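Colleague: Protein sequences appear in the order of chains A, B and C.
Counted from 1, the first sequence has number 190 at position 190 by the numbering used here; the numbering is strictly sequential.
Counted from 1, the second sequence has number 431 at position 431 by the numbering used here; the numbering is strictly sequential.
Counted from 1, the third sequence has number 27 at position 27 by the numbering used here; the numbering is strictly sequential.
If you're looking for bench data, these hints aren't it; they were derived computationally from the structure.
A few of these clues could be false.
The calculated BS3-like cross-link candidates involving lysine-lysine, where the alpha carbons are at most 30 Å apart (straight line), are [stated by the list, open to error]:
no., chain 1, residue 1, chain 2, residue 2
1, B, 445, B, 391
2, B, 216, B, 241
3, A, 85, A, 346
4, A, 387, C, 95
5, A, 85, C, 102
6, C, 91, A, 395
7, A, 346, C, 95
8, B, 216, A, 346
9, C, 91, B, 19
Across the chosen pairs, the derived CB separations fall in these ranges [unchecked claim]:
no., chain 1, residue 1, chain 2, residue 2, range
10, B, 32, A, 336, 44 to 52 Å
11, A, 274, B, 269, 48 to 56 Å
12, A, 369, B, 359, 44 to 52 Å
If you want a taste of the chain B side facing chain A, the calculated C-beta under 7 Å gives, among others [claimed, not checked]:
no., residue
13, 47
14, 48
15, 50
16, 82
17, 90
18, 188
19, 189
20, 270
21, 278
22, 279
23, 281
24, 449
25, 453
26, 456
27, 457
28, 460
Remember, predicted model here, so these are calculated numbers, not experimental data.
Glycine included, every Cβ here is placed at the ideal spot set by N, Cα and C.
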Amino acid sequence: MGGAKLHAHHVAELVRRGDLSAYEHVCQILEKIERIEDKVRAYITLIPDIALEKAKEVDRKVEKGKRLGKLAGVVLAIKDVISTKGIPTTCGSLMLQDYIPPYDATAVERAVAEDAIIIGKTNMDEFAMGSTTENSAFGPTFNPWDLSRVPGGSSGGSAAALAAGEADISLGSDTGGSVRCPASFCGVVGLKPTYGLVSRYGLIAYANSLEQIGPLTLCVRDCALLMEVVSGHDPRDSTSIPTEPKKYQDVLEKGVEGLRIGVPEEMIGEGVDPLVAKEVWRAVDTLSELGAVCEETSLPSLEYSLAAYYVIAMSEASSNLARYDGVRYGFRAPDEGMDWSSAYSKTRRLGFGPEVRRRILLGTYALSAGYFDKYYLKAMKVRTLIKRDFDEAFKRFDVLASPTMPILPPKIGEKVADPLSMYMCDIDTVPANLAGIPSISVPCGLVDGLPVGFQAMAPPLGEELLLRVGYALESQVRLYERIPVV
Amino acid sequence: MSEKVVIGLEVHCQLTSLKTKLFCSCPSNYRGREPNTLVCPTCLGLPGSLPVLNQKALEYGLMVALALNCKIPKRTMFFRKNYFYPDMAKNFQISMFDRAGGAPLGYDGYVTLAVGGTQKLVRIRRVHLEEDPGRLVYPGTIDTAPYTLVDYNRHGVALVEVVTEPDFESPKEARAFLQKLRSILEHLGVFDGGLEGAMRCDANISIAGGARVEVKNIGSFKDVERALTFEIMRQKQLLAKKVAVVRETRHWDGERRITVSLRTKEEEYDYRYFPEPDLVPVEITEEMLDQIKARLPELPDARQKRFVSQYGLPGYDAMVLTSDKALADFFEKAVAAYGKPKVVSNWLMSDVLRCLNEYNLEIWESKLTPEHLVEMLKLIDEGVISGKIAKNILWDMVSSGKSPKQIVEERGLTRIADEEYLRKLVDEVFKENPKAVEDALSDEKAIHFLVGQLMKKTRGRADPQLANKIIREKLASK
Amino acid sequence: MRVLVLGEERSRIKLIDEETVRHVAWLARLEVLDDEVEGFVEQFNRILDYFRKLDEAETEDVEPTFHVLNLVNVFREDEPFPPISPQEALKNAPKSERGFFKAPKMV
Numbered sequence: 001m002g003g004a005k006l007h008a009h010h011v012a013e014l015v016r017r018g019d020l021s022a023y024e025h026v027c028q029i030l031e032k033i034e035r036i037e038d039k040v041r042a043y044i045t046l047i048p049d050i051a052l053e054k055a056k057e058v059d060r061k062v063e064k065g066k067r068l069g070k071l072a073g074v075v076l077a078i079k080d081v082i083s084t085k086g087i088p089t090t091c092g093s094l095m096l097q098d099y100i101p102p103y104d105a106t107a108v109e110r111a112v113a114e115d116a117i118i119i120g121k122t123n124m125d126e127f128a129m130g131s132t133t134e135n136s137a138f139g140p141t142f143n144p145w146d147l148s149r150v151p152g153g154s155s156g157g158s159a160a161a162l163a164a165g166e167a168d169i170s171l172g173s174d175t176g177g178s179v180r181c182p183a184s185f186c187g188v189v190g191l192k193p194t195y196g197l198v199s200r201y202g203l204i205a206y207a208n209s210l211e212q213i214g215p216l217t218l219c220v221r222d223c224a225l226l227m228e229v230v231s232g233h234d235p236r237d238s239t240s241i242p243t244e245p246k247k248y249q250d251v252l253e254k255g256v257e258g259l260r261i262g263v264p265e266e267m268i269g270e271g272v273d274p275l276v277a278k279e280v281w282r283a284v285d286t287l288s289e290l291g292a293v294c295e296e297t298s299l300p301s302l303e304y305s306l307a308a309y310y311v312i313a314m315s316e317a318s319s320n321l322a323r324y325d326g327v328r329y330g331f332r333a334p335d336e337g338m339d340w341s342s343a344y345s346k347t348r349r350l351g352f353g354p355e356v357r358r359r360i361l362l363g364t365y366a367l368s369a370g371y372f373d374k375y376y377l378k379a380m381k382v383r384t385l386i387k388r389d390f391d392e393a394f395k396r397f398d399v400l401a402s403p404t405m406p407i408l409p410p411k412i413g414e415k416v417a418d419p420l421s422m423y424m425c426d427i428d429t430v431p432a433n434l435a436g437i438p439s440i441s442v443p444c445g446l447v448d449g450l451p452v453g454f455q456a457m458a459p460p461l462g463e464e465l466l467l468r469v470g471y472a473l474e475s476q477v478r479l480y481e482r483i484p485v486v
Numbered sequence: 001m002s003e004k005v006v007i008g009l010e011v012h013c014q015l016t017s018l019k020t021k022l023f024c025s026c027p028s029n030y031r032g033r034e035p036n037t038l039v040c041p042t043c044l045g046l047p048g049s050l051p052v053l054n055q056k057a058l059e060y061g062l063m064v065a066l067a068l069n070c071k072i073p074k075r076t077m078f079f080r081k082n083y084f085y086p087d088m089a090k091n092f093q094i095s096m097f098d099r100a101g102g103a104p105l106g107y108d109g110y111v112t113l114a115v116g117g118t119q120k121l122v123r124i125r126r127v128h129l130e131e132d133p134g135r136l137v138y139p140g141t142i143d144t145a146p147y148t149l150v151d152y153n154r155h156g157v158a159l160v161e162v163v164t165e166p167d168f169e170s171p172k173e174a175r176a177f178l179q180k181l182r183s184i185l186e187h188l189g190v191f192d193g194g195l196e197g198a199m200r201c202d203a204n205i206s207i208a209g210g211a212r213v214e215v216k217n218i219g220s221f222k223d224v225e226r227a228l229t230f231e232i233m234r235q236k237q238l239l240a241k242k243v244a245v246v247r248e249t250r251h252w253d254g255e256r257r258i259t260v261s262l263r264t265k266e267e268e269y270d271y272r273y274f275p276e277p278d279l280v281p282v283e284i285t286e287e288m289l290d291q292i293k294a295r296l297p298e299l300p301d302a303r304q305k306r307f308v309s310q311y312g313l314p315g316y317d318a319m320v321l322t323s324d325k326a327l328a329d330f331f332e333k334a335v336a337a338y339g340k341p342k343v344v345s346n347w348l349m350s351d352v353l354r355c356l357n358e359y360n361l362e363i364w365e366s367k368l369t370p371e372h373l374v375e376m377l378k379l380i381d382e383g384v385i386s387g388k389i390a391k392n393i394l395w396d397m398v399s400s401g402k403s404p405k406q407i408v409e410e411r412g413l414t415r416i417a418d419e420e421y422l423r424k425l426v427d428e429v430f431k432e433n434p435k436a437v438e439d440a441l442s443d444e445k446a447i448h449f450l451v452g453q454l455m456k457k458t459r460g461r462a463d464p465q466l467a468n469k470i471i472r473e474k475l476a477s478k
Numbered sequence: 001m002r003v004l005v006l007g008e009e010r011s012r013i014k015l016i017d018e019e020t021v022r023h024v025a026w027l028a029r030l031e032v033l034d035d036e037v038e039g040f041v042e043q044f045n046r047i048l049d050y051f052r053k054l055d056e057a058e059t060e061d062v063e064p065t066f067h068v069l070n071l072v073n074v075f076r077e078d079e080p081f082p083p084i085s086p087q088e089a090l091k092n093a094p095k096s097e098r099g100f101f102k103a104p105k106m107v
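Next comes chain A alone, as it looks inside the complex (with noise of 0.2 Å):
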């Protein structure tokens, strides 16, 4: 079979008319990811028997004429720090190798509700910390344009398996990036959505006050209607906004005439590698052509931003990676003649790898007696500064633009080995989760055959705003039809 893959919205088209047959679908997947699983290893877990049975499934509701959901036979990757009733879910951990889940997150509820088909769990790294897919207890995910580099990070393996066909459709998270860092590294589509728009219900926490589950595709519109599937109030989420998803679809096609997009110089001038910076200003001048104002502008608090990001991020995650102790479930080391609080060091010392462990303790430093005013308060005192930035910046334009990540997908190796220069990747992605603004990531462009992400972020709830855009520009670049055959 050639590269040009069918995207979800047109197998949910074929499998509903009955032009396709959903077990086919599921079993040429299963196919692709039988001859290259081995080379990008995309997945952590895979259920392809419970996935052929559900198929079989929607296919028997296609002969008997029953209604047919949205994502009819349409094959879903879940990215491992996902909660998935009844299939492991690990977050990329040796702490959780074991752990299954006796509850579905919403999305998946809701997703499944529509009859998406669950391939398997997707790599990560662990608990979600990282920008490359290197930090997993399961090793690295390869990026499928070159197998040499990363797939980006955290939702490395979602993204790689999209790029490399062996799904149609992914469900990804996003802390600091970690939706759109790999969508922009694998040449795919990705929305971090608005805070409090997807439910969190049944995500694994990394921080809580920043992350989003959000959907990764081959195209917008398959973006955009994973998000009518996912979005929307859920009780169980004290912080979901209570509205009923919108339909997305419908505004694709309306264009960017007229559309006032702003550049922030903080996001493309220094520390972004001139090419990609190049790529981005050419979607930039096509967006201009297609009849958008474009202009530069600038948000100074951004300075500030990656700082904050990382003392609020390790804080939280500090607290919510507590639970995991060995006694309810997950890893526990042999603790013999232990008490339970040396048990515990040890489960916690042997069960996390190297950045989840560092990360936990710079978080707790961060939160000790006498450093909560100079980290977390100073932190979410400056989270207002860039929030009122962006406040500022949408008085006068609709949405902002910059690069999604400031450099090419790295090789494998080659950031792990620094922490801090791993974390300054985030710079562009970490201030729309600070100000819990939705922000999608388009590839625009390839450099040396790498793909470039470029991203956008619009107003709380702005979705509709970005998936314009998106669709515009895609339209124009139609990276997706050169996504490589691995």
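Dock chains B and C against chain A, hints included.
Modeller: Okay, now just chains B and C, sitting in the frame of chain A:
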């Protein structure tokens, strides 16, 4: 008792009237249940689970704060209190905090306490909501068990924490406060203090010249007096020997009735409080408060006043009766059926309480009902039994729950008012006590002796008035 | 503009020492082996030094944004929902006994 003793309390009360836990929909009636049968992803702290606040718990918390005369903040948030312990499902507790945008549900309140005939004001520092930890079971004792068993049924049950200023000067006062607090909570209808472990407290104690010592794990208000008395003795002995009292946390061992030092690193608490990101802030509007205020029931202080004005009881009686909601309810039920509040009060205050005390029961635990007490009072009024017999059968009523009529019948205790029969007995008494009969002609005291002898013969069942009459008649005819 | 590479001068300032790392490790119940401490000290100092960037931000009279949403008063009714079964509750436990989770000893 020369050195001044200063005591402050931190009381944890479960909101036992709630049907579910504080942050999840698991039933909260965990007592007597098999381990880990009332748990869900949230109260087990499963990865990805989230808390959602029980609205009623907030209302109850605010009711408590208002009843303790607290100021109420306009806005507050829940915070995470981070510390590891095997009874914790997440190794942090969702609680409240008074810094960084947080506020307790109530602060700067007070409770009045009757102490030695005067009213004392106990200041309430704060009232807040938090989740109860799970239950630990040690095969053996805490220090020898080879492992620990954990049951999370209790985990997440709503607690209201009440912290006082160090305003108590004796263990007795501390106990009286707990009694009063319990009565207030029970009047609010949010709490049943009769349930095992529903009220627990920690105490801070210091004696002039020594450091402040925290005593944890005091399981009931009966224990608070014991624990504090022990701790004060211990500190005084140290001071007498000129040994410094060090600042530390001690554990009350209810079995051995001593406090023991927890000299571990555990003392270095650093809770790393920060706002709970999974819960949104709580805004307490005037409307919300007005609605709650309108629903506040009569509280012990008001009820005490009413008992004085409505029933004409002495202030002290009214205070004792309203210090226990069940007792006050008992009183009012009995009075409604019988009238004569002072009579009912006297019986409750003296014989009933003495009897309960002897059995170590609280009124609601005993089998005594207002209906039975009224029946007994009526038997006295009708002359069927004497007051003395009534006192006697009360014990049976309390322990067996039988009606007074049944007891009287079973034990043949009806009063003897058969004049013929009594005359025969009086003749016998006269025959047996010739000296006394002679004396009785001139000495009133000897008459009492003769009546007493008759009572002895009838085991107290002779109608005293009739007995008196017959004896005087017989003497007169001598 | 951003500084992506830290100057050697700045990173020499020691914000955290071995004792602090050990104390924090104890607070976090996360064992740090003797031969790891030095490495952590060095990394943490580099990272904390970068966090000092925050000191430059003018935040006097600025309220913290703990929650980005303007949501308040999200509640649930006090209505019970069936719990999960004890088998399900204990299924993931590394050790259990008679329906209890089994934790290490206390002392």
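Colleague: Give a verdict on every hint.
Modeller: Structure-based check of all given hints:
A distance of roughly 25 Å separates the Cα atoms of residue 445 of chain B and residue 391 of chain B; the hinted pair therefore holds under the 30 Å criterion. For the given pair, residue 216 of chain B sits about 25 Å from residue 241 of chain B by alpha-carbon distance, which is consistent with the 30 Å threshold. The straight-line distance between the Cα atoms of residue 85 of chain A and residue 346 of chain A is roughly 29 Å, inside the 30 Å bound, and the hint therefore holds. Between the alpha carbons of residue 387 of chain A and residue 95 of chain C the distance comes to roughly 47 Å, so the proposed pair goes past 30 Å and is violated.
With a C-alpha separation of about 24 Å, the suggested pair residue 85 of chain A and residue 102 of chain C falls inside the 30 Å cut-off, and the hint holds. Distance restraint check for residue 91 of chain C and residue 395 of chain A: the Cα-Cα separation of roughly 53 Å exceeds the 30 Å cut-off, and the hinted pair is therefore not satisfied. Pair hint residue 346 of chain A plus residue 95 of chain C holds up; C-alpha atoms about 16 Å apart against a cutoff of 30 Å. Taking the CA atoms of residue 216 of chain B and residue 346 of chain A, the gap is about 28 Å. The hint holds against a cut of 30 Å.
Taking the CA atoms of residue 91 of chain C and residue 19 of chain B, the gap is near 27 Å; set against the 30 Å cutoff, the hint holds. Against the hinted window of 44 to 52 Å, the Cβ-Cβ separation of residue 32 of chain B and residue 336 of chain A comes to about 34 Å, which falls outside the hint. Distance hint check: the CB atoms of residue 274 of chain A and residue 269 of chain B are about 52 Å apart, consistent with the given range 48 to 56 Å. Separation of residue 369 of chain A from residue 359 of chain B is about 50 Å and conforms to the stated range, judged on CB atoms against 44 to 52 Å.
Hint on residue 47 of chain B holds. Least Cβ distance to chain A is approximately 4 Å, under the 7 Å limit. Checking residue 48 of chain B against chain A by beta carbon gives a least distance of about 4 Å; that is within 7 Å, so the hint holds. Taking 7 Å as the C-beta cut-off, the interface hint given for residue 50 of chain B holds, the closest approach to chain A being about 5 Å. This hint holds: residue 82 of chain B has a C-beta 5 Å from the nearest C-beta of chain A, less than the 7 Å allowed.
Hint status for residue 90 of chain B: holds, given a least beta-carbon distance of 5 Å to chain A, under 7 Å. With a least beta-carbon distance of about 26 Å to chain A, the hint placing residue 188 of chain B at the interface is violated under the 7 Å criterion. The interface hint given for residue 189 of chain B is violated, since its Cβ lies 27 Å from the closest Cβ of chain A, which is over the 7 Å cut-off. Given hint, residue 270 of chain B at the interface with chain A, holds; its Cβ is 5 Å from that chain's nearest Cβ, closer than 7 Å.
Proximity of residue 278 of chain B to chain A holds as hinted, the smallest CB-CB distance being about 5 Å (cut-off 7 Å). Residue-level restraint check for residue 279 of chain B holds (minimum Cβ-Cβ distance to chain A is 5 Å; threshold 7 Å). Because the smallest distance between the Cβ of residue 281 of chain B and any Cβ of chain A comes to about 10 Å, over 7 Å, the interface hint for this residue is violated. With a least beta-carbon distance of about 74 Å to chain A, the hint placing residue 449 of chain B at the interface is violated under the 7 Å criterion.
Restraint check, residue 453 of chain B versus chain A: the minimum CB separation of about 73 Å is more than 7 Å; hint violated. The closest approach between the C-beta of residue 456 of chain B and any C-beta of chain A is roughly 68 Å, which is over the 7 Å cut-off, so the hint fails. Proximity of residue 457 of chain B to chain A is violated relative to the hint, the smallest CB-CB distance being about 71 Å (cut-off 7 Å). Below 7 Å, beta-carbon pairs count as interface contacts, and residue 460 of chain B has none with chain A, the closest being about 64 Å; its hint is therefore violated.
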